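Novice: Since chain A is already given, all that's left is putting chains B and C on it; use the hints.
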Amino acid sequence: MSIANTHDLPADLRAIQLETEGHARDYGLDFYETIFEVLDYDEISEIAAFGGFPTRYPHWRFGMEYQQLSKGYRYGLQKIYEMVINNDPCYAYLLRCNQLVDQKLVMAHVYGHNDFFKNNIWFSQTNRKMMDETANHGTRIRSYMERFGEDAVESFIDSCLSLENLIDVYSPHIKRREPVDRYDFQEGEEADPQTSKFQSKAYMDGFINPPSVLKEAQLQQEAERQKAKPSAFPEQPERDVLLFLLEHAPLKTWQHDVLAIIREEAYYFAPQGQTKIMNEGWASFWHSTIMTQKILHPSELLDYADHHSGTMATQPGRLNPYKLGIELLRDVEERWNKGQFGPEWEECDDYETKRRWDTQAGLGRKKIFEVRCIHNDVTFIDTFLTQDFCKRYQLFSFKHNDQNELYEIESREFKKIKERLLFNLTNFGQPIIRVRDGNYRNRGELYLGQEHFGVDLRLDYAQDTIRHLHRLWTRPVHLETTVDGRPTLLSFDGTDHSIRPLGGVSHDAEPKDRRRA
Amino acid sequence: MTLSRKIAAALDENTRAYNLPCVVTLDDGPDRINLEITSLDSVGVALDALEYVASDRKEWTPEALNAWGEKLSKSVSYLLEPLKVLEVDGGAGLAQLRSASPTVRGDVRGYYEVRLDRQGICRFERYVVDPGGRGRRRTPCHLTREVVERLADDIAAGSS
Amino acid sequence: MRKIDRDANRFKQIVRGKIKSDLRKYITHGELIGKTGGEFVSIPLPQIEIPEFRYGDKNRGGVGQGPGDVGTPIGRSGEGESGPGAGEAPGQHILEVELTMDDLAQILGEELALPRIEPKGRANIIEEKDKYTGIRQAGPESLRHFKRTYKKALKRQIASSQYNPRDPLVIPIREDKLYRSWNPITSPQFNAVVLYLMDVSGSMTDDQKEIVRTEAFWIDTWLKSQYDGVTTRYIIHDAVAREVDEHTFYHTRESGGTRISSAYNLANKIIEESHSPMDWNIYVLHFSDGDNWGEDNRQCIGLLRDQLLPKCNLFGYGQVESPYGSGEFYRELEEAFEAVPNMALSEIRNKEGIYESIKEFLGRGR
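Residue numbers (the working numbering), protein chains in the order written: chain A, 1 to 517; chain B, 1 to 160; chain C, 1 to 366.
In short, the hints are calculated from the structure, not lab data. Remember, predicted model here, so these are calculated numbers, not experimental data. Cβ coordinates follow ideal geometry from the N, Cα and C atoms, glycine included. Among these hints, one or two may not hold up.
To be verified - Label pairs and their computed distance ranges (CB to CB):
1) Pro501/A to Asp69/C: 36 to 42 Å
2) Ser55/B to Glu295/C: 44 to 50 Å
3) Phe337/C to Ala64/B: 49 to 55 Å
4) Arg5/B to Glu295/C: 37 to 43 Å
5) Thr252/C to Thr38/B: 51 to 57 Å
6) Pro501/A to Arg253/C: 37 to 43 Å
7) Asn350/C to Arg138/B: 21 to 27 Å
8) Val108/B to Glu295/C: 26 to 32 Å
9) Val53/B to Arg298/C: 25 to 31 Å
10) Thr353/A to Asp69/C: 28 to 34 Å
What the hints assert, rightly or not - In silico lysine-lysine, DSSO-like type, Cα no more than 27 Å apart, as pairs:
11) Lys84/B to Lys35/C
12) Lys20/C to Lys35/C
13) Lys58/B to Lys74/B
14) Lys311/C to Lys71/A
15) Lys84/B to Lys351/C
16) Lys359/C to Lys311/C
17) Lys416/A to Lys58/C
Just chain A, same shape as in the assembly (with noise of 0.2 Å):
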């Protein structure tokens, strides 16, 4: 057991993280030496607008959160109490203006969800030391900036960012190639150097013209692609679609590297998305443990979960996810405390008998530990979310009323409630799109599908990720997909996007030279 590593907390902050973290290791939490620091809101704020990391790459989109979270504040609808960092060591950084008590219930928060870093299974493969890799990650796309124009490496971003969640999130751990060299870059493949300065350009102005340099290399892929090459690949429909294009789409060195450098920190921040309710539940479900055994009043005890949500001000009827994660857990723990779960159990439909069994069986605690180490989001409700749960709670279903444009309650049946969260939850609420064909039409055109389950795609932000897309690829691109119950194939060729409803619904790749008129 390592000593709490305090920095340079002044003495009282210094005494709490001392006995906060010998509480925390008394129940039996497990992580990382953590550091904390503490800075001012605005500080705080910046840390954030990075996602935690102060050495992230440059870009605008940083400056945007910025924006948002001070307005925000400003206008009291966001506060950030706290921030966790999965990293070994753990760095935490404190608002300055909290009080004590609230930092105490701060720190144990913490620990709480380093904890969970550390435990959970979904986490396993993230990189430990991404404190450092960010810093790396920034050096080098600075460095690309320095050498191909700010402009031209920032636009090269935002059509990764486009791209950022069409990764494979449930796949055993990340596929990698083999380590590009840094430094390496092969002469006849760079383009001119663009020593533009701070150019004042709208987001919207320009998708940049590949200049004459990135044809050769296209044409050099071209002949490649000629040679020996199934006719249609990949075998299997690609989920990593940014995995496919940094194998097979004409990038230059650079731009190979910043998007690896994209894909590598998705990576990164998935899991903290699967598990957000859980990860948030367990960390207040150890602060509220942990303040409850001083001898607080009760009084005193935030409802952590309602401050600290990260949302916008909670509106009427909304849920707060946060609190569904530590009301979950709780009821996990009492009933498996009280015995209540297994065949039994679930045949019983005595509601007196069920509300009264207790079998003294006392599990709840290592129940709650083990649900901490391999469940996501996901599983979790998927296993525990109850009828008798959603009742308590005054769950309810809500959908879209396409007539009037409003959210309605849709019901308060328990089947279509666990539906709904389900589908919010898998693969972050966001549609699920692979590669099906890298060759299409044996031009080595780019085919997409995306495995539909009800809803419909915004048309509008798909049409303009596909713009992303073909910057890439640079030949045309297809986004097979279905709209209003039709089968549709979105695509853009470079300067024109189309939509065409599919007749048959075909997942084949289309023959040679159909064309349609």
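Specialist: Same frame as chain A, but now just chains B and C:
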């Protein structure tokens, strides 16, 4: 009532005898009506203007003009557009009604304008606004015979 | 310079570029701009976000908590997330960006190529309500002149890098406190007064009033960026004119005929009483549908020529289009005044015409 019958009679009588355009004048007791006609047949008339002179008082106050106008806007509901009182100009001794909103035909907007002045004169006209053109110009009102008669009655009724 | 500043500035640049290229749209649809009444405006920028594949609203849903029957509405589309735990995948939301009025004015000036105003040199300006005529450093508390004091304290803070724009707490300290005294100060300040005149007779519709409101907003924005202080006064008229407050200005309809001269007379009176051209840069903007009482036109022209134009930096007449197409006042002015440098005439057909109209008025650069 009598006014409309007089109009009916006058128009029937000399339908073909009029040299158009012309002004047909009719008296109803002390009151008078002038129809500035540009075309006429058994179905209807095209009027440049309809003018009615009420002579039951020397001077109409703005309030009285307003009352007259309000009555008109309520009773005259059978034209292309309903009328509404737009302004009562005390200084000028004038009340003005116009169509509540102009009718658009093609790219031309048309509306009625009714002016009631302190001498008890009611003048009824129609205007159009060309697109892009500056300002407006008067245009003939096309009314059926029955409508002309009814309109005259209503104007007269409103003035009492 | 902090690390975030690079990205924040970059973002700001992009925002400005976007607003500039869409400025016409924002000018035409003034309702888009969220005015908080303070120094910020908020502008929706739907296209600044990076696009990605995401779901639309149809068949979308989620889970909520609380009472309510089936069918009870709980929110509109576009209002935040449509599902829990969906922090990474929000429903559509329009990005609202904040700008200061100054930023906005700058963009306006650049995009419309507005000449910067060179105010006429003025001597010291004191609020007309003041009884005292100067500032000195000692004096009773009750006479503290807050504004000056604050400004001085602010300067001091900035000079000693204590000023935090995110938390602007400025505490005037003893030596900052300035007091009014009997002696006039000698530092010049450039002040402007804008008089808005509007015809509110029966023929002006609500839509037209909205157009006036939008124009006034942009004109204010620009003038406030060019002057240290801008005072605004509002006059409405039909056959008679009266001075009112801003709210009344936009929410009154009269029905008593139209005499534009009444407004010009009142404006002139106000100027003579309170805003001497020696001390003030004067802007008069009149909006009407041009349906003036015919015989009044001559009086108006006389008032303009002899009284108002000699006093004003700018007299602007904006004629909104009447559905009745009857505005001849514009033509009267056109004929009577040829190429007068401080008079700007503009016909505003509809919302789309606001852009050109503002350009016309502010392009005079005085």
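Novice: Confirm or reject each hint.
Specialist: Verification of the supplied hints:
With their beta carbons about 39 Å apart, Pro501/A and Asp69/C fall inside the hinted range of 36 to 42 Å. Checked against the hint of 44 to 50 Å, the C-beta distance between Ser55/B and Glu295/C comes to roughly 26 Å, which is inconsistent with it. Roughly 40 Å separates the CB atoms of Phe337/C and Ala64/B, a value that falls outside the hinted 49 to 55 Å. Separated by about 40 Å at the C-beta atoms, Arg5/B and Glu295/C satisfy the suggested range of 37 to 43 Å.
Against the hinted window of 51 to 57 Å, the Cβ-Cβ separation of Thr252/C and Thr38/B comes to about 41 Å, which falls outside the hint. The hint said 37 to 43 Å for the Cβ distance between Pro501/A and Arg253/C, and at roughly 53 Å that hint is violated. With their beta carbons about 25 Å apart, Asn350/C and Arg138/B fall inside the hinted range of 21 to 27 Å. Evaluation of the 26 to 32 Å hint for Val108/B and Glu295/C yields a pass: the beta carbon distance comes to about 29 Å.
Between Val53/B and Arg298/C the beta carbon distance is about 29 Å. The supplied range of 25 to 31 Å therefore holds. The beta-carbon spacing between Thr353/A and Asp69/C, approximately 31 Å, falls within the hinted interval of 28 to 34 Å. Proposed proximity of Lys84/B and Lys35/C is contradicted: the alpha carbons are some 36 Å apart, above 27 Å. Between Lys20/C and Lys35/C, the direct Cα distance comes to roughly 18 Å. Compliance with the 27 Å bound is thereby established for this hinted pair.
A hinted pair counts as satisfied when its Cα atoms are at most 27 Å apart, and Lys58/B with Lys74/B qualifies at roughly 25 Å. Between Lys311/C and Lys71/A, the direct Cα distance comes to roughly 43 Å. Violation of the 27 Å bound is thereby established for this hinted pair. Under the criterion of a C-alpha separation no larger than 27 Å, the hint pairing Lys84/B with Lys351/C is consistent with the structure, at around 26 Å. The straight-line distance between the Cα atoms of Lys359/C and Lys311/C is roughly 22 Å, inside the 27 Å bound, and the hint therefore holds.
Taking the CA atoms of Lys416/A and Lys58/C, the gap is near 17 Å; set against the 27 Å cutoff, the hint holds.
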